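Student: Line order of the protein sequences matches chains V and Z. Residues in the first sequence are numbered from 1 upward in steps of one, following our numbering. Residues in the second sequence are numbered from 290 upward in steps of one, following our numbering.
Certain hints may be false.
[What the hints assert, rightly or not] Covered stretches of chain Z (in silico footprint by chain V; criterion: 3 or more residues with CB under 8 Å from a CB of chain V, positions within the stretch not fixed):
#	region
1	360 to 372
2	375 to 381
3	387 to 394
[As the list claims (entries may be wrong)] Okay, derived cross-link-like pairs now, DSS-like style, lysine-lysine, Cα gap no bigger than 27 Å in a straight line:
#	chain 1	residue 1	chain 2	residue 2
4	Z	Lys467	Z	Lys401
5	Z	Lys510	Z	Lys292
6	Z	Lys401	V	Lys173
7	Z	Lys469	Z	Lys456
8	Z	Lys469	Z	Lys510
9	Z	Lys469	V	Lys186
[Claimed, not checked] Listed next, with one range per pair, are the computed distances between beta-carbon atoms:
#	chain 1	residue 1	chain 2	residue 2	range
10	Z	Glu471	V	Arg238	38 to 44 Å
11	V	Leu276	Z	Pro324	43 to 49 Å
12	V	Phe157	Z	Gln418	20 to 26 Å
13	V	Val220	Z	Leu451	48 to 54 Å
14	Z	Gly452	V	Tyr3	53 to 59 Å
Derived from the structure by calculation, the hints contain no laboratory data. As the structure is a prediction and not an experimental result, all values here were calculated from the model. In this text, a Cβ means the ideal position worked out from N, Cα and C, and glycines have one as well.
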Amino acid sequence: MYYFDLAVTGISFGCMYAMMSVGLTLVYGLLRILHVAHAAVFALGAYVTVLVANATGSIALGFLAAVIVTPLFGMAIYRLLYEPLLKYRPDVPMIASVGLLVLMQDAFRIVFGEQGITFQRNAFAFKTFNFAGVTVSALQIAMVVTALVVFTGLHLFTTRTRIGIGWRATVSKPQIAASFGIDPIKVRYLNFAVGSVLAAIAGGLVAEMNNLVDPGIGFVVSYKALAIIVLGGLGSVRGTLIASLVLGLVEAYGTIFIGSWLDRDAIAFLALIVLLMIRPQGFTGARAA
Amino acid sequence: MLKLENLNCGYGSVEAVHDVSFEVPAASVFALLGPNGAGKTSTIMAIMGHVDIHGGRIVIEGEDITRRRAIDRVGLGISLVPEGRQLFSDLTVDENLTAGGYARPISRDATKRDRVFGLFPRLYERRSQMAASLSGGEQQMLAIGRALMAEPRLLLVDELSLGLMPKMVDLCLDALLKLKREGMTIVLVEQNTARALDVADQVCVLSSGVQVYRGTAAEAKAAGSMFATFLGIDAAV
Ligand SMILES: Nc1ncnc2c1ncn2[C@@H]1O[C@H](COP(=O)(O)OP(=O)(O)O)[C@@H](O)[C@H]1O
Ligand SMILES: [Mg+2]
């Protein structure tokens, strides 16, 4: 049953990776910017979740607050950091983005302390269930269910609503979409808001999993999510989802085969190097940069 | 219906169109001809709001729209069939039409969609296919259909026949003539001069961003080879 346990771990991690990475893919797809500061958005989501959960005694309220506050932060990053820099080469906004991430990490350290914050009550997350010998934790179920709900919702929104279709039209041909009255600036805000909400949810879930939010929480995300979106073929949401699940599973099984001599987090990059050697365009090859 | 007054426009400090003036009466087809790089697309895109205006005015039904934002112009009844189709290629036929009607009330969407499918039954068969998977002719039909979803009174059509089989050109031109009979004003940019003169009421020829000929289609046809020299191409008129 050990192998099934690993599958559960891999899939739940994959779902979490997907939620943290899709925001990056969305920004890259629309603006061709590597939105490195997305990791700070993720970290903010984690902080808001734990702070509000501890203040109110309700983890649900913590998530709700994170989902409200974080998109505002994401949209502010677009407005204040990227919009003034869009006229320069794409590496200029990217470097600004790295700067913001470093700044935010230090800000979290100064405001909330080096040692981080733990949940006062987080019993639910570690409750485990046994399905025919396979152990599953409540948190793992929450990760998978949340990802299913979120991505189904995103799919329906972008294929069944006019705003969602207009969003995709703008990603495809911004100037032509504008000719039909689709405001490209509003689409950018929507894009940042949606990506940030997903990151906030992922941040809250990782916070629960670690039972700790410290200033470094965004760090692993920042490089792993970058690896994922490259694996997925930059700009492709479907590719990002596939790459996330594959990485989750490879990491889970990888830890038993090569975990003794290679750090778990290094596996993402081993996979990245191997894949780029075989398929430089990523899994889907859609819109490879 | 549409009036350009001494229009100068271009890209940054580069000027592509110099001092062009013309007037297009309502419910007529106005052909904009000229060799490659003459400034036809720039003129069309200036009317759509995507080119920097350096001087002159663009007037629609008496209203000066020169400084209007691009995204607001569709609301004034202007719609575009851009050069090279420029479909939303990873959206389906249906979704392209939805995007075309973005600026208009969703309650009218279904009626307009039926009209487009009535005009181009081929699109109906392909409605859930990706735009990228359509043939060239079908893509042009979709580009026209998408533009019609915006409920235009002025339709700007750039390079209708480019890369299309003659049968498809006929089909698309017939559709434009039908729209004209229903009251649509159309500006048509064409490389195929003969076909353009067949459907146009009036003609304007641009060359290097300057207007070199203005007249009715009948006059242009009568001028024959002299007209062709204005075009600067081996046009069989
Ligand atoms: N996006 C652009 N940026 C700079 N110059 C352009 C751009 N598009 C067109 N031009 C220039 O403007 C002139 C007119 O081009 P265009 O309007 O496309 O001509 P046409 O449609 O008649 O072939 C050309 O000299 C072309 O090089
Ligand atoms: Mg052109």
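Student: Would you mind marking each hint as holding or not holding in the structure?
Tutor: Quick rundown of the hints versus the structure:
1. 360 to 372: n = 8 at 8 Å, threshold three: holds.
2. 375 to 381: Satisfied; 6 residues make the cut.
3. 387 to 394: Coverage by chain V holds for the region 387 to 394 of chain Z (6 residues, Cβ < 8 Å).
4. Lys467/Z to Lys401/Z: At roughly 15 Å apart (the allowed maximum being 27 Å), Lys401/Z and Lys467/Z satisfy the hint.
5. Lys510/Z to Lys292/Z: Judged against 27 Å, a Cα distance of about 24 Å means the pair holds.
6. Lys401/Z to Lys173/V: This hinted pair holds, its Cα atoms lying about 23 Å apart.
7. Lys469/Z to Lys456/Z: 20 Å, holds
8. Lys469/Z to Lys510/Z: 21 Å, holds
9. Lys469/Z to Lys186/V: Since the Cα atoms of Lys469/Z and Lys186/V sit roughly 35 Å apart, the hinted pair is violated (cutoff 27 Å).
10. Glu471/Z to Arg238/V: 38 to 44 Å: 42 Å, holds
11. Leu276/V to Pro324/Z: 43 to 49 Å: Taking Cβ atoms as reference, Leu276/V and Pro324/Z lie about 46 Å apart, which means the hint holds.
12. Phe157/V to Gln418/Z: 20 to 26 Å: The hinted range 20 to 26 Å holds for Phe157/V and Gln418/Z, with Cβ atoms some 22 Å apart.
13. Val220/V to Leu451/Z: 48 to 54 Å: Check passed, 51 Å falls within 48 to 54 Å.
14. Gly452/Z to Tyr3/V: 53 to 59 Å: 55 Å, holds
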